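Participant: Residue numbers (our numbering), protein chains in the order written: chain A, 1 to 417; chain B, 1 to 384.
By construction, these hints were calculated from the structure, which means they are not laboratory data.
A quick note: this is a predicted structure, and the numbers were derived from the prediction, not measured.
Incorrect hints may have been included.
Simulated pairs of lysine-lysine, BS3-like, Cα-Cα distance not exceeding 25 angstroms [stated by the list, open to error]: (1) 116(B) to 99(A); (2) 112(A) to 98(B); (3) 78(B) to 99(A); (4) 99(A) to 164(B); (5) 256(B) to 239(B).
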Amino acid sequence: MSIYQIKKSSFRSAIVLVCLGGFTLSLFSSVSAADPTKNWLGFRGDGTSASPSAPAEIKVGDDGNVAWKVAMPGKSVAGPIVVGDRVISTSSGGQEGEKLFVTAVSLKTGEKLWEQSFRATGRPFCHPTSANAAPSPVSDGERIFAFYSSNDLVCLSLEGDLLWYRGLGFDYPKAGNDIGMASSPVISDGTLIAQVEAQGDSFAIGIDAATGVNLWRMARPRQSNWSSPVEISRPDESTEVVMQSGTNIIAVDPRRGNIKWIIEEGADKIASGTPAGDYLLLPGSEMMALNIGESATTPEIMWRNSRLSPRNASAVLNDDRFYSLKGSVLVAATVEEGEQVWQKRLSGLGGTWATPVAAGGRIYIFDQSGVGLVVEDQGDSAETIMEVDLEEPVLASPAIADGKLIVRTNQSLFCFE
Amino acid sequence: MERTLKQKRCLLQPAAAIAICCALGLTGLDAAENVEAAIEAVRRVGTDGQGFGDALPAAQQLQQIPAEKITQVLDGAKEVNPIAENWIRGIVFGIAQKSGSPDLAVLKAYVNDQAKNAIGRGIAMELIQREDSEVAQGMLSDLMNDPSLAIREMAVEQAIGNAKALAEDQADAAIGIYRDALTSARHPKQLSRIVESLGKLGEAVTTAEAFSLILNWKSIAPFDNEGGFGYAAVYAPEKQFTGAGQIDLSQKHDGKAGEIIWQDVAGSNDEGLVNLADVYNKEKGAVAYLFAEFDSPEQQDAQARLGCINANKVWVNGEEVMATEVYHSGSMLDQYVAPFELKKGKNTILLKICQNEQEESWAQRWEFQFRITDPTGKGLESGN
Numbered sequence: 001m002s003i004y005q006i007k008k009s010s011f012r013s014a015i016v017l018v019c020l021g022g023f024t025l026s027l028f029s030s031v032s033a034a035d036p037t038k039n040w041l042g043f044r045g046d047g048t049s050a051s052p053s054a055p056a057e058i059k060v061g062d063d064g065n066v067a068w069k070v071a072m073p074g075k076s077v078a079g080p081i082v083v084g085d086r087v088i089s090t091s092s093g094g095q096e097g098e099k100l101f102v103t104a105v106s107l108k109t110g111e112k113l114w115e116q117s118f119r120a121t122g123r124p125f126c127h128p129t130s131a132n133a134a135p136s137p138v139s140d141g142e143r144i145f146a147f148y149s150s151n152d153l154v155c156l157s158l159e160g161d162l163l164w165y166r167g168l169g170f171d172y173p174k175a176g177n178d179i180g181m182a183s184s185p186v187i188s189d190g191t192l193i194a195q196v197e198a199q200g201d202s203f204a205i206g207i208d209a210a211t212g213v214n215l216w217r218m219a220r221p222r223q224s225n226w227s228s229p230v231e232i233s234r235p236d237e238s239t240e241v242v243m244q245s246g247t248n249i250i251a252v253d254p255r256r257g258n259i260k261w262i263i264e265e266g267a268d269k270i271a272s273g274t275p276a277g278d279y280l281l282l283p284g285s286e287m288m289a290l291n292i293g294e295s296a297t298t299p300e301i302m303w304r305n306s307r308l309s310p311r312n313a314s315a316v317l318n319d320d321r322f323y324s325l326k327g328s329v330l331v332a333a334t335v336e337e338g339e340q341v342w343q344k345r346l347s348g349l350g351g352t353w354a355t356p357v358a359a360g361g362r363i364y365i366f367d368q369s370g371v372g373l374v375v376e377d378q379g380d381s382a383e384t385i386m387e388v389d390l391e392e393p394v395l396a397s398p399a400i401a402d403g404k405l406i407v408r409t410n411q412s413l414f415c416f417e
Numbered sequence: 001m002e003r004t005l006k007q008k009r010c011l012l013q014p015a016a017a018i019a020i021c022c023a024l025g026l027t028g029l030d031a032a033e034n035v036e037a038a039i040e041a042v043r044r045v046g047t048d049g050q051g052f053g054d055a056l057p058a059a060q061q062l063q064q065i066p067a068e069k070i071t072q073v074l075d076g077a078k079e080v081n082p083i084a085e086n087w088i089r090g091i092v093f094g095i096a097q098k099s100g101s102p103d104l105a106v107l108k109a110y111v112n113d114q115a116k117n118a119i120g121r122g123i124a125m126e127l128i129q130r131e132d133s134e135v136a137q138g139m140l141s142d143l144m145n146d147p148s149l150a151i152r153e154m155a156v157e158q159a160i161g162n163a164k165a166l167a168e169d170q171a172d173a174a175i176g177i178y179r180d181a182l183t184s185a186r187h188p189k190q191l192s193r194i195v196e197s198l199g200k201l202g203e204a205v206t207t208a209e210a211f212s213l214i215l216n217w218k219s220i221a222p223f224d225n226e227g228g229f230g231y232a233a234v235y236a237p238e239k240q241f242t243g244a245g246q247i248d249l250s251q252k253h254d255g256k257a258g259e260i261i262w263q264d265v266a267g268s269n270d271e272g273l274v275n276l277a278d279v280y281n282k283e284k285g286a287v288a289y290l291f292a293e294f295d296s297p298e299q300q301d302a303q304a305r306l307g308c309i310n311a312n313k314v315w316v317n318g319e320e321v322m323a324t325e326v327y328h329s330g331s332m333l334d335q336y337v338a339p340f341e342l343k344k345g346k347n348t349i350l351l352k353i354c355q356n357e358q359e360e361s362w363a364q365r366w367e368f369q370f371r372i373t374d375p376t377g378k379g380l381e382s383g384n
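Starting from the given sequences, assemble the full structure and let the hints guide the process.
Facilitator: See below:
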């Protein structure tokens, strides 16, 4: 880059700052991402699928506790997120799912606040049970990032204004697969990190959240992979993003994309890793627990247990134990030792894709026909305490915020309180 | 129209124009030329974040302008790439959320003016649908052959709905609407649904016919694809075709397990599906080449459209037009689309369809559907 180019570039940056500074302050609001009880900012919230409190029951009908139900503009298997007083949900519609929607509704009332609509620039095709709106959106508390199977990536303000738009399927046309992509992006250190892994152009990418431009892009194994990246924090407060595939497990510096450590062992290609305090639980043929440890070290493998790996849904954390859904069997185990505590066959539960959520010692599980169970962890055993039928497929992981449970069905958004 | 010097400056330096606006406190982009400069900045976005530095502030500024200026933004959608199209969509809906939609009469006039760009007209039609669905319905009934593919698709969708409502009690009327829609529809899903609906009403229309799928091919197989080697390997038919643009169909070749010859294969009459697994006895780890000729009455822009669950390559007149090394990861009509130019007279097509060695029950298909269309997706027949 010449001096002239540097100056020109700096000048443009200055203009952006001059222009954006005032507008960011005056036009765009943000919420504190610090309070996890009020927000659910991405796929599985903070990655654990856990929140302190949620409704004790989920019941529909006249005597039920549905605060509101809202029809959505299309289909979705993407989990909703909650940013302050807004619930954000993505949908896809049209002939092939090429119409992309981002909808914001009031957490309190269900009133539609705004809706944006775009057209897929990448391949929108997917299996009939899935949708182009498959990856869950994510927020840094200031912006909303909506990602789709077609690898379209939208960045909006909390008010629904367009900030920037990327078409990763347009930029890299051989990326993606026609069964449908589903890996949800994560935000770490001001960077949006997405895994776009399939048989064609397979890569991971770090995009500057503020400007939408690439910070880094790395080749990944050319295999279909639906698992999502996970942020982990070291004791010195540095962060890394862990990406698993059928070939290996790597951690990268979120801002620079350089590999910090690598474990040459394949992990699950559907269920994702779950951060659990000092540990990271990684599903695969065996569930594996990594002790994250000090910065600049490769985490140590603490235990492995083939009986604790989930099938499709990711593991769910609840203090010192976690839950794995293996079809219609729910298993509870300890984080530190990897020892099974109880196992419960869930009668009435069909095929499951949605990662359950947990709060207050209860686990909320939905199957793909819309049947939902509330399972209570009673210490040494578990009991199903409630069953509900939403009568619409649920493949999206629910959200919990401000004590409310938000469930995205195929075509609707439910809020239980 | 000749631009003023000031306007030219704005176009050349959109970021500078926007910065000046900021400095002057013209946050509403009051001056028309400043709106134009901001739109120009957005129009320049491209792949890999190209142009975002200028476009980010421009997009924020534009989302503050009043709704009556939306048509100016819609004009900016002329001949933009799909990324810029989405920026413009987001800005238009951002404005509409804040300031409301422009007057319906203005939007109607915009849609009805076919001199306006197709993308902008399509977005205007969506705004009308959001504002007043009855008005939109009335307009769409006359727009089934609109040059905007987005508007045409909406009109066809409405016609399909109308026909469906009539199907039980007024079958003849429903058939008439479906037949009109079949002529107008360009989206493969809509075509498929119309064919299916006509079939239920006793009308014999096949997918192969509706899509103008190419049914008759010369085929030679199996060449070796064990370990995926064959996808990149250049076997004799491919070497001939990419070298001379021609193939000697009488020539024998060394195949995977001995000498192989070209033979006739045909797609099914209903779906136009060429089932290579049936023809070649479910061979695994194999490459098949397929050859066809296509007569075009004139030189014209066209598209090759392939539906195939196997790794594939397509050449027309010796030139590669598409290549995809993906196995058993979904398939549908028009799955892969690539533009090319048909020459007047005889054109030659070569397909390479590769089967891998996966053993799962869902990985046994070795098949494809292929057609040539005009740039809108209308199927073309050889000789017509």
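Participant: Look at each hint and say if it fits the structure.
Facilitator: Right, here's what the structure says about each hint:
1. Our distance criterion of 25 angstroms between C-alpha atoms is met by residue 116(B) and residue 99(A), whose separation comes to about 22 angstroms.
2. With a C-alpha separation of about 14 angstroms, the suggested pairing of residue 112(A) with residue 98(B) holds against the 25 angstroms cut-off.
3. With a CA separation close to 20 angstroms, the supplied pair residue 78(B) and residue 99(A) stays within the 25 angstroms bound.
4. With a C-alpha separation of about 23 angstroms, the suggested pair residue 99(A) and residue 164(B) falls inside the 25 angstroms cut-off, and the hint holds.
5. The hinted pair formed by residue 256(B) and residue 239(B) meets the criterion: a straight-line CA distance of about 17 angstroms does not exceed 25 angstroms.
Violation of the numbered hints given earlier is absent; every hint is satisfied by the structure.
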